[in-house]
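Keeping their order, the protein sequence lines are chains G and R. Counting from 1 along the first sequence, just add 13 to a position and that's the residue number in the working numbering. Counting from 1 along the second sequence, just add 396 to a position and that's the residue number in the working numbering.
Hints are computed from structural coordinates only; laboratory data are not their basis. One should not assume that every hint holds.
One-sided excerpt, in silico: chain R residues whose CB lies under 7 Å from chain G [to be verified]: (1) Trp455; (2) Asn513; (3) Pro515; (4) Ala566; (5) Asp569.
Taking beta-carbon pairs under 10 Å as the criterion, some of the chain R residues facing chain G (in silico) [what the hints assert, rightly or not]: (6) Val424; (7) Ile456; (8) Asn522.
We put the CB at the ideal spot given by N, CA and C, even for glycine.
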Amino acid sequence: MSVKAISVVWPETEDPREKLLFDPRPTREMNNMVLDAMTTTSWRYWLVIAVLVVLVLIGIFGAWGYQILQGMGVAGIRRPVYWGVYITNFVFWIGISHSGTFVSAILRVFKAEFRRPFTRAAELMTSFALVVAGMYPLIHLGRTWRFYWMVPYPNQRQLWPNFHSPLEWDMLAIFTYLIGSTLYLYLPLIPDLAMARDYSTGWRGNLYRIMALGWRGTEAEWHHLKTAITIFAFAIIPVMFSVHTIVAWDFGMTMTVGWHSSIFGPYFVVGAIFSGVSAVVTVLLILRKAMRLDYFLRAEHFDALGKIILVFSAAWTYFFFADYLTEWYGGEAVGKELLTLQARGPVAPLWYLMLIFNVAIPLLTLWNKRIRTSVRGMLLITLGINVGMYIERYIIVTGALSRNRLPFNWGAYNPTLIEILISIGSLSTFVLLYALASRVLPLIPVWEVQEGQLSHRLRRIGRQLAPSVSELD
Amino acid sequence: MEQIGQDEHRWIMVIDLDRCTGCQACVVACHAENNVPIVGDEEVRNGRAMHWLHIERIWIGEYPNVRAKFMPLMCQQCQKAPCEPVCPVFATYHNAVENVNAQIYNRCIGTRYCANNCPYIARTFNWFDPEFPEPLNEQLNPDVSVRRRGIMEKCTFCIQRIRRGRENAAAEDRELRDGDVQPACAQSCPAGAIKFGDLNNPESEVSRLVHSPRGIRLLEELGTEPSVIYLSGGEAHVG
C-alpha cells in the first residue's frame, strides 16, 4: 500500500470520531469483537433456529412435498392465471439478491468508504437470496422431477433446450449470477477466514484452515487478492443487470397485455435494487442489535444507505409513472381494464398500499437525517418498502394474467394455504441460512475496516485536528 | 422465410357460427377422442375444467331482446404461434410434417409459460393426475397418450386422425381426398358447423368456404396467423 495522494476533509460540526474510520481500535481488540459476535450464541438464538427449522420442514418438505405428490392443483393457480405466488416470490428473491452486488460491488468500484463494514453482510444476502430464488422455478414446475431437462447436456433424448425461451435465459443468468456472486463473496472473505483460523481451535480451526486456502498475508497474496476482487467487482455488475433484466423479460417478451413492455427490464432492475438495499438495511439493523455490532455499524452507514434508498425510491416512482402513463394514455381496452382493476378492483387495497410503502413513505421521510439515522424509523421504512415491492410483483404477475383480450377468458386468483406455507418456508430458509452463517463466517470484513482506518487519519494542522484521507493504491 | 411445411397439405378448420347451436356434441367428442380427463364439479367451479374445445356463449342485444350466440373455441393452430418460442424444452413446437402446432406431452415439464403467452387461453393444464372412472377407462383412445399431472395439453387438430388418414390413403395407393380426415369435433357436429380440410386442395369444401365474406379470424390483428376461420354475421341484416 503506497500513499498516493492526501486530501484534507474539513471537519463538519460533529466530532469526526463518530465515524468508524476515524475511530480506530487496536487490531486484536477489533478481531475479538468480530470473533466474539460469531462464537456467542444465547438460548434465544437457538430458539429462533428451532422455530426456523420447524417452518422450513413444514413449508419446504411438507407443503412442497405434498404439492409434488398431489399435483399443482393444490396451489391456487387456475386458468387463466397460470403463474401466481411462486413466480412472485421468485422475482422478489431475485430482487433481494441484488442487494449484495449493488451495495458491495458498485460502492467498491466507486470507492465509497462507508461501504467497508457491511459489504460482507450484503454479499451473503445475495448468495442466500439466490438459493431461495432458485428454488422457485423448481417449486413452480408441474413436473419438478424433470427440471434437469432445461439443462443443456448431451442426453439420450438427443434434444437441446430451447434457447429461444426466456426461461432458458433465466436459468443461465441465475446460474452465472450464483457462481459469480458466491466467488465474489468468497474472495474478500479469505483474509478474514485466515484471521479466524489464527484465533480458533477445534472444528472451527480445521474449517477455517481449509477455507482460508493457506493465506499468509504476504505482499504478493494481497496484490493478487486485490486484483481478483477488482475484476470480480467490475464483472459482477453487468451480470447483476442482466439477471433482473432477464427476469423482467420473462414477462416483457410475451404478448400478454400488461407484461409486454420495453420498460420492464430497467424498471425491474431499479425495483430490485430498491428492495435489495432496503433489505440490507433491515438485516444490518437486526444484526447490529442481535450481535452487538454497534462499533462497526453506525449512524453514518444508515444515513448513507438511507440516501441510496431515497434515490432509488424516486427512480422507481419515475419508472412506475412512465409505465403507468403510457398504458393509461394509450387507452388500449385490455390495458385500461387492468388499470381499472388496480384502481378500483379487488386488488385496489394492495395497489394503494404499494404506492404508500414505495413512494409516499420513503419520499416523505428519508430526506430527513434524523429519520435516516433512527433505528426504529429505518426498520419500519425498509420493511415497508419490501412489502410494497412484493405487492408490486404480485400485481404484475397475477393481475396481468387475470385480464386478457377475450373477456370470456377472464379469471381470478387467490393463493391457497399450500402456497402460503411454501412462501413462509422459503423465507425461513433464507433466515435460517443467514443465521447459521452468521455464526460460522466473520460477518464484518475486518481487514477492509482496518485498511480504511489506515487511510483515514486525524492530522493536527495548527491548533486544529483535521480529518484527512489518503488514497490507497 | 424458410419452408416449414414439408407436407403438401395445409390443414384448416372453418366454423360457421351462424350454424352452431351450442349443443356441445363437439366437446363430448373431443373428450372421448383425445382422452381428455373429466375433472369433476368441484374443480370446474375452481376454474380448472379441462376442455380442449369449449363453447362460449355470447349474448347479443339488450334485455329483453337478447339472443345467444355460440362460439366453439379451441387452439387456433397459429402458424406463428406465441406459445412455441417460449417453451424451454421444445414440448410445444411446430410440427414440420403436418404443419400444425403440436404438443409433445412427455417432453413437457410444466412451466405453463406457453399458456400465459397464448392470447386465446386455449391450453389446459393437468393440475392433478387424470382419473377415468368406470366405465370411461374402457373407451380410452389407444392412439392418444394419457397425460399425467403437471403436463400442458391442447387441441392438436386430431393429429392422430390426420396421420391415419394419410396412412390409409397411402395403403390404398391414392391421393388424400377431401373428407378423408375428420377431427372428432367436425365429425360429430350435427349442424355441420365445423368443417375441416386441406386449404391446398382447391376442390375441398374449406377452400370454398374461406372465400366467404363472413370469414374472420380471432384476434387476427396480433399476427399469429390462426388456422381456424370463423364464419359469422350472416344474419346481421335480419337483426
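For this session: Identify every previously stated hint that the structure contradicts and give their numbers, smallest first.
Result: 1, 4, 5, 6, 7
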